[in-house]
Each structure stands twice: as structure tokens, then as C-alpha cells.
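Asker: Its first residue numbered 44, the sequence shown is counted upward by one per residue in this note's numbering.
FYI, nobody ran anything at the bench for these hints, they're computed from the structure. Quick caveat: nothing in here was measured; it's all calculated off a predicted structure. Do not rely on the hints blindly, as some may be mistaken.
Cut-off 25 Å, straight-line C-alpha distance, at most; resulting in silico cross-link-like pairs (DSS-like, lysine-lysine) [said to hold, decoys possible]:
id, residue 1, residue 2
1, K261, K244
2, K209, K244
3, K261, K176
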Amino acid sequence: MKISKIYRRIGMTVLFLLAFWTTLSSISNVTYADLAIMLRKDHSVSANYDEVKPAEHRKIALQEKDLILLAKQERYISSEQIEGPKTVEEAINIDNYPKATVIATGYTAGVESTGKTPDHPQYGITYSGVKVKRDLYSTIAADLSIYPIGTVLWIPDYGFGVVADKGGAINGNKIDLYFDSVEDVYSEWGKREVEVYIIKKGSGELSEEVLQKLNENKALQVFREQINKS
Numbered sequence: 044m045k046i047s048k049i050y051r052r053i054g055m056t057v058l059f060l061l062a063f064w065t066t067l068s069s070i071s072n073v074t075y076a077d078l079a080i081m082l083r084k085d086h087s088v089s090a091n092y093d094e095v096k097p098a099e100h101r102k103i104a105l106q107e108k109d110l111i112l113l114a115k116q117e118r119y120i121s122s123e124q125i126e127g128p129k130t131v132e133e134a135i136n137i138d139n140y141p142k143a144t145v146i147a148t149g150y151t152a153g154v155e156s157t158g159k160t161p162d163h164p165q166y167g168i169t170y171s172g173v174k175v176k177r178d179l180y181s182t183i184a185a186d187l188s189i190y191p192i193g194t195v196l197w198i199p200d201y202g203f204g205v206v207a208d209k210g211g212a213i214n215g216n217k218i219d220l221y222f223d224s225v226e227d228v229y230s231e232w233g234k235r236e237v238e239v240y241i242i243k244k245g246s247g248e249l250s251e252e253v254l255q256k257l258n259e260n261k262a263l264q265v266f267r268e269q270i271n272k273s
């Protein structure tokens with residue numbers, strides 16, 4: 044008799060605990076799967092991912108989303124955040140390239156530089172056929188007999204310039220640097236004598252695809268903001 048009473052008490056205790064847990068789960072919205080997740084020391088996704096309950100799926104999905112967002116935040120960094128060269132000149136060993144002294148002026152796509160208004164069909168289109176651009180690699184004009192279309196120059200305080208245009212007054216040791224506005228020409232450049240570095244001689248051709256690839260050079264993206272601010 045005593046043994047049967049003990050079994051009955053144990054059974055009643057188990058039923059009470061189950062009822063208590065069911066009540067607690069309905070109030071707190073914590074399931075057995077949720078409890079298992081909280082007690083696990085290893086939060087990595089296992090091979091049994093497909094066997095877990097929807098609540099665990101949601102938690103894992105949220106964890107993965109947080110990791111993706113963190114990765115995106117860390118993807119783009121500035122030159123101040125990296126070890127190594129802090130300038131483009133250091134990164135590309137600028138002293139290894141030949142130099143030339145030129146008179147550099149600035150121009151825009153507007154009527155004051157090209158005689159074309161925004162409604163002109165060729166507005167903003169260079170002699171090479173590509174659109175003017177101020178970016179990591181900007182479009183510039185030069186004497187094509189010296190610097191053929193596609194020639195890449197490094198211009199201190201301006202950045203990379205790709206010869207894409209020519210001009211009636213751009214002869215000999217003169218180059219014209221593209222800027223987005225007349226205000227930028229005067230405030231950021233004006234007219235200077237400057238030593239430029241010849242990174243690459245052009246073949247006489249330049250396309251939008253080539254210019255885009257230059258501007259997407261992964262090795263130099265950390266310097267893009269630095270160049271565009273110069």
C-alpha cells in the first residue's frame with residue numbers, strides 16, 4: 044500500500060509540473076525548443092536544422108540576418124581604418140612612374156567650356172565617346188599626339204585622370220581636368236603648373252566599360268572618398 048501511494052504521489056507531481064510548464068509556456072511564449080536554444084552553449088547551425096521547430100527557425104534566421112548586416116557594415120572601410128599605405132601615392136609606388144610637367148586647367152561640360160547647353164545631343168560627351176566623369180578615375184583632356192585617348196595620369200591634388208577628350212587650346216604640355224561645376228573649377232583648382240605621373244599610355248580608344256572597371260578597382264576603393272575630396 045505504501046509503495047502504491049508513493050507511485051501515485053510521484054505521478055501527481057509529474058502531472059503538476061507538466062501543467063505548470065504548460066501554463067508558463069502559454070504566458071511567456073517560451074517553448075521547449077526555445078528553452079533548448081537558451082541552454083545550448085554552441086549557437087551554430089547544425090545539420091539537424093530542418094528538424095527544429097518554427098520558433099527555433101525564427102531565432103536562427105534573426106541571428107543570420109544580424110551577421111549579414113554586420114558584414115555589410117564592415118565591407119566598406121576608409122584608408123584610415125587599414126594597416127599599410129595611407130595614400131594612393133604610397134599604394135601604387137608613384138615614384139616608379141615617369142613624370143612630366145604640365146599646365147593644368149579645369150573645365151566643365153557646360154557652355155562656358157564646350158559651347159554646349161544641356162539640351163544639346165552631345166552635351167557631356169567627350170571626343171572618345173564616353174561621358175564626362177569626376178570619380179576615382181576622372182575624364183580629362185590632353186594633346187592626343189602626346190597623351191593618346193586612354194592614357195592614365197596621376198595628378199597630385201586631383202587624382203587619376205583618363206584622357207578622354209581634346210581641346211583647341213589644349214596643346215603640348217597642357218591638360219584640362221574635368222569638374223562638375225564652374226564653382227568647383229575655381230575653388231578646387233584654377234590653373235596650375237604641376238608634375239603628373241604617367242601611369243599608362245593609352246591605345247587611342249576608351250569605352251564606358253573600361254572607365255567603369257577602372258572606377259571599380261577593388262584595391263583602390265579605400266581611397267575613393269579621399270580622392271573625391273581632394
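Asker: Decide, hint by hint, whether the structure agrees.
Answerer: Hint check:
1. K261 with K244: It holds: about 22 Å lies between the C-alpha atoms, which stays within 25 Å.
2. K209 with K244: holds, 16 Å
3. K261 with K176: holds, 19 Å
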